[in-house]
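A.B. asks: Heads up: the sequence lines are chains A and B, in that order.
Just so you know, we're using the numbering used here here: the first sequence kicks off at 18 and counts up by one.
Just so you know, we're using the numbering used here here: the second sequence kicks off at 4 and counts up by one.
Derived by calculation from the structure, the hints in this document are not laboratory data.
Each residue gets a CB set at the ideal place from its N, CA and C atoms; glycine is no exception.
The reader is advised that the hints may include incorrect statements.
[What the hints assert, rightly or not] Examples of chain A residues lying across from chain B (beta carbon under 10 Å, computed):
1. Pro-29
2. Gln-58
3. Leu-70
4. Cys-81
5. Cys-85
6. Cys-109
7. His-110
8. Ala-115
9. Gly-119
10. Thr-127
11. Gly-128
[As the list claims (entries may be wrong)] In the PhoX-like style, the derived pairs of lysine-lysine whose C-alpha atoms are separated by at most 20 Å in a straight line are:
12. Lys-154/A / Lys-92/A
13. Lys-73/B / Lys-92/A
14. Lys-323/A / Lys-443/A
15. Lys-91/A / Lys-73/B
16. Lys-91/B / Lys-8/B
17. Lys-132/A / Lys-46/A
18. Lys-132/A / Lys-40/A
19. Lys-73/B / Lys-20/A
20. Lys-146/B / Lys-57/B
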Amino acid sequence: MGKSYHTIAFYPERCDGCGDCVKACSRAKSGTQDPVHSRIQVARDPGGASFGLALCRQCGEPQCVMNCPAGALKKDEETGIVRLDDTNCVGCHLCTLACGYGGITYNSETGQLMKCDMCGGDPVCVKSCRAGALELKTGADLYNAWGDYEDLFVPGISACLGCNSELLIRHTLRRVGPNTVVATPPGCIAGVGAVGYNGLTATKTPVFHPLLTNTASMLAGARRYYNRIGRDVTMLAFAGDGGAADVGFQSLSGAAERGEQMIFICVDNEGYMNTGVQRSSTTPFGAWTSTTPVGTVLRGKTRDAKPLPVIMMMHNCEYVATASTAFMQDYYEKLEKAIIAAKRGMAYIHVFSPCPTGWRFLPSQLIEVGRKAVESNMVPLWEYDHRESRLRFTHPVQNPLPVTQYLRLIGKYRHLSQEQIDRIQKVAEAGIRMLRHFSDEKDERSAAV
Amino acid sequence: MSRTKYLIIGSSHAGLSAAEAIRLYDQDGALTMISAEKAYPYSPTILPYVVSGKVHEDRIFLRDQAWFDKRNIRFLNGATVTGVHAEKKSVSLESGREMSYEKLLIATGAEPELPPVAGLKECPHYKLRTVDDAINIRGALKKGGSAIVLGGGLIGMHAAENMARAGLKVTVVEMLRQVLPGYFDPQAAGLIQKVFTENGVKILTGNPATNVTSAHGACAVSLRNGLDLSAHVLLVAAGVRPRISFLAGSPVGTDAGILVDERMRTSAQDIWAAGDVAQAGSFLGPEKILNGIVPDAVEQGRIAGMDMAGDPSLKPYSGGIAMNTYSFFGNRSFSVGLSLAEASEEDLEVDTIYSPAGLKYQKLVFREDRLIGASAINAALDPGVICQTIRRKVQMGEMKRGFAASPLEYGRLFMSRLWR
Numbered sequence: 018m019g020k021s022y023h024t025i026a027f028y029p030e031r032c033d034g035c036g037d038c039v040k041a042c043s044r045a046k047s048g049t050q051d052p053v054h055s056r057i058q059v060a061r062d063p064g065g066a067s068f069g070l071a072l073c074r075q076c077g078e079p080q081c082v083m084n085c086p087a088g089a090l091k092k093d094e095e096t097g098i099v100r101l102d103d104t105n106c107v108g109c110h111l112c113t114l115a116c117g118y119g120g121i122t123y124n125s126e127t128g129q130l131m132k133c134d135m136c137g138g139d140p141v142c143v144k145s146c147r148a149g150a151l152e153l154k155t156g157a158d159l160y161n162a163w164g165d166y167e168d169l170f171v172p173g174i175s176a177c178l179g180c181n182s183e184l185l186i187r188h189t190l191r192r193v194g195p196n197t198v199v200a201t202p203p204g205c206i207a208g209v210g211a212v213g214y215n216g217l218t219a220t221k222t223p224v225f226h227p228l229l230t231n232t233a234s235m236l237a238g239a240r241r242y243y244n245r246i247g248r249d250v251t252m253l254a255f256a257g258d259g260g261a262a263d264v265g266f267q268s269l270s271g272a273a274e275r276g277e278q279m280i281f282i283c284v285d286n287e288g289y290m291n292t293g294v295q296r297s298s299t300t301p302f303g304a305w306t307s308t309t310p311v312g313t314v315l316r317g318k319t320r321d322a323k324p325l326p327v328i329m330m331m332h333n334c335e336y337v338a339t340a341s342t343a344f345m346q347d348y349y350e351k352l353e354k355a356i357i358a359a360k361r362g363m364a365y366i367h368v369f370s371p372c373p374t375g376w377r378f379l380p381s382q383l384i385e386v387g388r389k390a391v392e393s394n395m396v397p398l399w400e401y402d403h404r405e406s407r408l409r410f411t412h413p414v415q416n417p418l419p420v421t422q423y424l425r426l427i428g429k430y431r432h433l434s435q436e437q438i439d440r441i442q443k444v445a446e447a448g449i450r451m452l453r454h455f456s457d458e459k460d461e462r463s464a465a466v
Numbered sequence: 004m005s006r007t008k009y010l011i012i013g014s015s016h017a018g019l020s021a022a023e024a025i026r027l028y029d030q031d032g033a034l035t036m037i038s039a040e041k042a043y044p045y046s047p048t049i050l051p052y053v054v055s056g057k058v059h060e061d062r063i064f065l066r067d068q069a070w071f072d073k074r075n076i077r078f079l080n081g082a083t084v085t086g087v088h089a090e091k092k093s094v095s096l097e098s099g100r101e102m103s104y105e106k107l108l109i110a111t112g113a114e115p116e117l118p119p120v121a122g123l124k125e126c127p128h129y130k131l132r133t134v135d136d137a138i139n140i141r142g143a144l145k146k147g148g149s150a151i152v153l154g155g156g157l158i159g160m161h162a163a164e165n166m167a168r169a170g171l172k173v174t175v176v177e178m179l180r181q182v183l184p185g186y187f188d189p190q191a192a193g194l195i196q197k198v199f200t201e202n203g204v205k206i207l208t209g210n211p212a213t214n215v216t217s218a219h220g221a222c223a224v225s226l227r228n229g230l231d232l233s234a235h236v237l238l239v240a241a242g243v244r245p246r247i248s249f250l251a252g253s254p255v256g257t258d259a260g261i262l263v264d265e266r267m268r269t270s271a272q273d274i275w276a277a278g279d280v281a282q283a284g285s286f287l288g289p290e291k292i293l294n295g296i297v298p299d300a301v302e303q304g305r306i307a308g309m310d311m312a313g314d315p316s317l318k319p320y321s322g323g324i325a326m327n328t329y330s331f332f333g334n335r336s337f338s339v340g341l342s343l344a345e346a347s348e349e350d351l352e353v354d355t356i357y358s359p360a361g362l363k364y365q366k367l368v369f370r371e372d373r374l375i376g377a378s379a380i381n382a383a384l385d386p387g388v389i390c391q392t393i394r395r396k397v398q399m400g401e402m403k404r405g406f407a408a409s410p411l412e413y414g415r416l417f418m419s420r421l422w423r
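Next up, chain B with everything else stripped away, as it sits in the complex (with noise of 0.2 Å):
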C-alpha cells in the first residue's frame, strides 16, 4: 500500500486550489493528486469552446508536469477512486491499489444528471463534462443537420450556441418557464432569450421532456404539450449532480453533496471536501448550498487546503455567492448574489435598467443601504467589484442613489478605499 501524507482526489480548480494552499504552508508533506482522467488538470468550463473550436484540446491545460515537479507534488492520472475507507485511512483504486492517506480531499466535481425522462437513458445522446466529451460533440457537429438540447442552463445554452455556429438547426427544451433559472429573473433571460430567437436557436420553455426515442440515426422528443421533435443529435444538459457514489458505506456525511462545515471539513476525521461536490455554507442564508462555479471551487480548495496543512492564517468560509459570468453572441452578462428577488419582497429595494432595443439590463437589489444581488446584460460594471461590494457588505449610505445610478465609478471608490 501506498502512502502519503496529503492525498487529493479530482484536479480541477478546488483541487488545484488545495494543493496550492498546502504548498505555500508545507513544502514537504508528501501531496499526491489522483485524477480518473488521463489528461492534465483542466477546467470543465473550457468545455463549450472547445466544443465550438475556439480553443483546441491540446491548449486547454490548467498546469503542466513541470508544475507538478517543482512542487514536489505526485500526479496519479487515469485512476479512478472506487472507495474510501475513513477508519483504516485509506482510499482503494479501480486498479485494485490502495493509497493510505493522513489527509484526504474529496475535489471530484459534479456529473452529468439524467433527467427522468422515458426512453432517455436507452436513446443514444451527448453530454458535456469532459474533454472527451466535447470531443464527441465537436465531431458530431461536422456531420451538420439539427440538434435538440435538453436543458436551458449554462451548458445547454453555451452548446447551443456552439452548434447554432456550427451551422446546424437547434432546439432548447427547458422544462420551467425561462431559460437560465437561478442566474437571471424573467425580463433579462426573456432578452437573453431573444437574442437566440434571431440567431436561428428556438427556445422551448415550460414545457418538460416526456418521452425520447431513437430510429434511423436520430431522436425523436415528446414534450408534455404534445409537440414532437426530432433531431441527428440529442444533447443533454439537465443539470449535475456531485460526485459522490463511490462514498457509499463510508462515514463521510452527504446531503446533495458532501456536507462541509466552514473549514471544509467533513464529517469524517482527517476528510475535507471542496468545489462542485461539497454542499457548503451560504453567504446569504443559514441554509448549506451546492455552488458549482469557479470561484466558490477555488476559495474552497484554499481554504481546505489551508486547514489541512495547518496554516493558522485560515480565515474561515464566509459562504458561498451564487454567482456567473456567461457570454452569448457577442454579449456580455452577468449574475451575483439575490438577482431573482423582486421588489415586491418585504425589505428590499431594486433599481432595474431595462433596453429591450439596446439589448441592456442593470438590475441591482438593495437590502437597506447595502447590496445583496445584481445582474447585468451589456452594462458597464466590474462583475468582482459588485461581488466583493457584497461579501464586504459595504453600507452606502447616502451614496446609495450615486452607485444605483452609476455603479461602475462607485464601486471603484468604494473598493478603493477599502484596500488602503
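Bound conformation, chain A alone (with noise of 0.2 Å):
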C-alpha cells in the first residue's frame, strides 16, 4: 500500500487531434490501424478546436476492479495498471458502467471489452505524439524510492498554510540523512519550530541556531572538531536569504573561499518572511515588501536582486545549484551531488522558496508558482562543478514563457506598470544571458563560430 505509479498524462492544450495515438495503439494491439482497436481514444469538439481525451487512468481505487462480479480486473499492486484478465470476464459490462473515463470499451469487432495496459510499461501512444500532449511521468519511482528515507522532520510544526520551507526541509532531511547535524539561523525554518521551544526540537538530528551572521563559521568550526575526532557527519545549513544573501554574507563567502565541508542551502523567499516581509538583497525589482511599498511614488523595489549562486560560483565552491520544490527529481538529484561534493569543500544549494503569505498568493498555487518561475526563466535551474569548471542547465527552457505568466499568479507583483514589467523580462533574459557564457552551450556555440 502507498506505492506510487508510472502515469500517461494528457495536455490537451498540446493536442492537435492527429489521431497518431490512436492508430499506434490499434497497431500495437490489434496489428491493423483500425481505431476500433484503439484502447486510447480521443474526442472533438466540433465547435471548436479543443480535444478531450479517453483512456484508463489505472486509478488509486478503482472502481471497475471494486464493481467487477467476476474478479477478473486487478490492479497490480508492483507496477499499479489495473489488468483485464480476458479467461475470467464473463460479459457483463459492469465495468463499464463503473469507469467515468471510458476506461474500458466495447470492441465491436472481438465482441470483448478491451482496455489500456500501458504496453507493459512504455506505451506506444506516448511514443507517436508528435505533438507532445502525452507524457509517460514516471517520477513515481522517485517517490517510492524517497518514501523508504525516513521523514527526520515531526509532524505539527507551526509553519504557514503552503509554507514551501515545510516542504523542503522534509525532503532535504529524507536525503541528506540523520548523520548530520544542522543549522538554523533566525528565520522561518527556525521559526517554524526546527530549533524547538523549551528544549524540543522539530527535527529530529541534532540541531543548533547560530547568529544571522556566523552560520557558515559555526558549521565550519563543527565541522572542524568532528575531523580531528575521526568522524564523517555531514553539516548543513538552512540559511534564509537574510542569512546568506545579507549580513550572513561575510561568514558564508569566507567559509567558500577556506573551503568548508558543508551543505548550504540558502532558502530564497526574497525577504525576511517572518518579521514581516522586509526586503532584502534577493527582493527582485518591483516586488512590493512592506520596506518598498507601493504608493504615488514608490512602485516596489527599484534595485534588482543580487545573483548570489553566481556569486557562490565565482567563490569557487565544489558545488553550486539553484533548485526548486516544483522540480524534485532535479533537486534530489542535486542533493546526491551535493553530499559528496560536501565531503570536499563548500556545497552551495540556491533553492527558490515561493512564500504564500509574504508573496500574496493562495497556498494552493505553490508548486505552480515554482513551476512557471522556472518555465519563464525568472529562476533558471542549473549547477557548476568546480572540477569541469562549467555550468549546466538542468532544466533547459526552449520556449520560455513571458514573465507576465508567473508574475500575474502574486499579489506582490499586483502593481507592476508595463515598463516595470518590461524591465523584469529584460533581467530574465539578460540573467540566461549570462549563465550561458559558463555554460556548455556557449562553448558549443563558440566552436561552431
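Fit chain to chain and form the complex, with the hints in mind.
C.D. replies: As C-alpha cells, then:
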C-alpha cells in the first residue's frame, strides 16, 4: 500500500487531434490501423478546436475493479496497471458502467472489452505523439524510493499554510539522512519549530541556532571538530536569503573561500518573511515588500536582486546549484551531488522558495508558482561543478513563457506598470544570457563560430 | 465472548468495499467479516454465468485468504448472524456464540422473494441467489426438457437465456405488461423480447401466475387468463427483498430495507448498513429507495467504511441512481436514471433513436440542458461516462444538441474537461 506508479499525462492544449496515438495503439494491439481496436480515443469538439481523451487512468482506487463481479479486473500492486483478465471476464459490462473515463470499452469487432495496459510500461501512444500532448510520467519511481527514507522532521509544526520551507526541509533531511548536524539561523525555518521551544526540537537530528551572521563559520567549526575526532558527519545549513545574501554573507563567503566542508542551503523567499516581509538583497525589482511599499512615488523595489548563486560559483565552491521544490526530481539529483561534494568542500544550493504569506498568493498555488518561475526563466535551474569548471542547465527552457505568466500569479507584483514588467523581462533574459557564458551551450556555439 | 472493533456482516461488494475503506484509514483496528456461506467472497451477479457454465464456480471468488491475511482481517465463514443486540453492542450467531463490536456494518444483501402464488411454497422450485442455487440449476439443465421462469427481471431473463442455450424449452412469465420493468421502457423491452422470441424463448407478459401444482416430476402453472403451462424445471425469479429478518426486536429502523442516512448510519447507535439491504437516499428524488445494484453497493460500502473508521475525507452519499448493464444473446444494453420517462411528462425532453431492423435503441432524457436518464441497446456509448454526466449535473448549454446527436464523442469531451 502507498506505492506510486507511472502515469500517462494528457495536455489538451498541446493536442492537435492528429490521431496518431489511436493508430499506434491499434497497430500495437491488433496489427491494424482500425481505430476500433484502440484503447485510447480522442474526443473532438466539432464547434471548437479542443480535444478530450478517453483512456484508462489506472486509478488508485479503481471503480472497475471494485464493481467486477467476476474478479476479472485487478490492480497490479507492483506496476499499478489495472489488468483485465479475458479468461475470467463474463461480459457483464458492469465495469463500463463504473468507469467515468471511458477507460474500458467494448470492441465491436472482437465482441470483447478492452482497456489500456500501458504496453507493459513503455506505451506506444506516448511515443507516437509528436505534439507532446501525451507524456509518460515516471516520477513515481523517485517517490517510491524517497518514501523509504526516514522523515526526520516531526509533524505538527507552526509553518504558514502552504509553506515551501516545510516541503523543503522534509525532503532535504530525508535524503541527507540522520548523520547530520543542522544549523538554522534566525529565519522561517528556525521560526516554524526546527530548533524548537522549551528544549524540544522538531528536527530528529542534532540542530542548533547560530546567529544570523555566523552560520557558515559555526558549521565550519563543528565540522573541523568532527574531522579531528575522526567522524564523518554532514554539516547542513538552512539559511534564508537574509542569513546568506545579506548579513550572513561574510561568514558564508569566508567559509566558501576556505573550502569548509558543508552543504549550505539558501532558502530564498526573496525577503525577510518571518519578521514582517521586509526587502532583502535578493528581493527582485518591482516587488512589493513592507519596506519597498507601493504608493504614488515608490512602486515596489527599485533595485535588482543580487545573483547570489552566481556569486557563490565565483567562490570556487565544490558544487553550486539552483533548485526549486516544483522540480523535486532535479532537486534530489542535486542533493546527491552536494552530499558527495560536501566531503571535499562547500556545496551551495540556492532554493527558490515562494512564500504564500509574504508574496500574496494562495497556498494551493505554491507549486504552480515554482513551475512558472522556471518556465519563464525567472529562476533558471542549473548546476556548477568546480572540477569541470562549467555550468550546466538542468532544466533548459526552449520556449520560455513571458514573465507576465509568472508575475500575475503573485500579489506582490500586482501593481506593476508595463514599464516595470518590460524591465523584469529584460532582467530575466539578461540573466540567462549571462549564465550561458558559463555553460556548455556557449562552448558549443563558440566552437561552431 | 469474542471482541472486534469493526464487525461486517456480509462479504459481497458492500462488505468488501467497506473493509477496504476502513483499512485505508485504520490499518490496526480489529476487523472481522462474517459470511453466512462457506465460500470465499463472491458476487450474486456472477451466478447466471455459473449456471451457463461460462465460468466455473471455483473461479468466481473476489478475494482469497491472502487478501484477508495481508490486511489483517478475520474472515469468519459459514456463520449466520441470528440477532443484533444494539444495547450491549453484540451479535449472536447460529452456533450460539456471541461477538461484541464497537462498530457494526450490516451488509447482508437480499434474498429471493416468493410471490404470493397458491401452491408455490409446496411445489419444488429453484431460485438463484447463492452459488449452491446456481450449481443446482445447472444440474437440472443437464436433464434437458422444459422450464418455466416466474419473473422477467434481470435474473429471470439471464437464467432464461442460459436455459435456452442449454437446450431447454423455456417460458418466461411476467405479470407486468413488459419484461425488465424499471430499466427499459416498453419500446426497448419490446426489442429485447423480440430477440428472446427469435431464440426460442416464449415470453408471456401481463398475466400473473395464480396457481402452481406439482405432479410426476413436473410442475404445472396456471395463469390468470386461464392458460396452463407445465415444465420440468420451475425457477422463481420474482424479485428480491433485503435480508433483515434477523433484526427483529432490535432498534435498527427498517422500512422495506434498513433505513440509512447519507453516511449509511442506521437509526441505532454505531450500526451502519450498506448494499442491497439498505434503503438510502435517491439522487433524483426525496424518497429513500432500495437500489440493489453493484455500483451502489460498492459506493455505499465505501462510505460506511470511511464513516466507521472516522475518515475525515468522507463525502456524504449523493443518492442512488438506478442503473444496470445487460447483455443478451450477444447484444448489449444499459440503462441509467430516469430512463422510463416519456416526452409527454412536464419539463422533460426525450431524444430517441429506434431502429428495430438494426436492433438499435438509444434514448436520452433531459431536464433543461442536463441529462437525467438514458437507455440504450447496441449503441456506441460509454455507460460510465453517461452516468457521470448525470451525477455531475453537467450543464450542456449549447452543446446539448451535439450531445444528443453524438453522445459518445460529447460525453467523453465533457468528462475529459471535468477531470482536469
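A.B. asks: For each hint, tell me whether it holds in the structure or not.
C.D. replies: Quick rundown of the hints versus the structure:
1. Pro-29: Holds: closest Cβ of chain B sits about 7 Å from Pro-29/A, inside 10 Å.
2. Gln-58: holds (7 Å)
3. Leu-70: Holds: closest Cβ of chain B sits about 5 Å from Leu-70/A, inside 10 Å.
4. Cys-81: holds (8 Å)
5. Cys-85: holds (8 Å)
6. Cys-109: Holds, about 6 Å.
7. His-110: holds (4 Å)
8. Ala-115: Since the shortest Cβ distance to chain B is 6 Å, the answer is holds.
9. Gly-119: The hint holds - Gly-119/A has a Cβ within 10 Å of chain B, the shortest such distance being about 4 Å.
10. Thr-127: With Cβ-Cβ at 12 Å, over 10 Å, it is violated.
11. Gly-128: Because about 7 Å separates Gly-128/A from the closest Cβ in chain B, which is inside the 10 Å limit, the hint holds.
12. Lys-154/A / Lys-92/A: This hinted pair holds, its Cα atoms lying about 18 Å apart.
13. Lys-73/B / Lys-92/A: holds (15 Å)
14. Lys-323/A / Lys-443/A: holds (15 Å)
15. Lys-91/A / Lys-73/B: holds (16 Å)
16. Lys-91/B / Lys-8/B: holds (14 Å)
17. Lys-132/A / Lys-46/A: Status holds; Cα separation ~10 Å.
18. Lys-132/A / Lys-40/A: The given pair, whose Cα atoms are some 15 Å apart, holds under the 20 Å limit.
19. Lys-73/B / Lys-20/A: holds (15 Å)
20. Lys-146/B / Lys-57/B: holds (18 Å)
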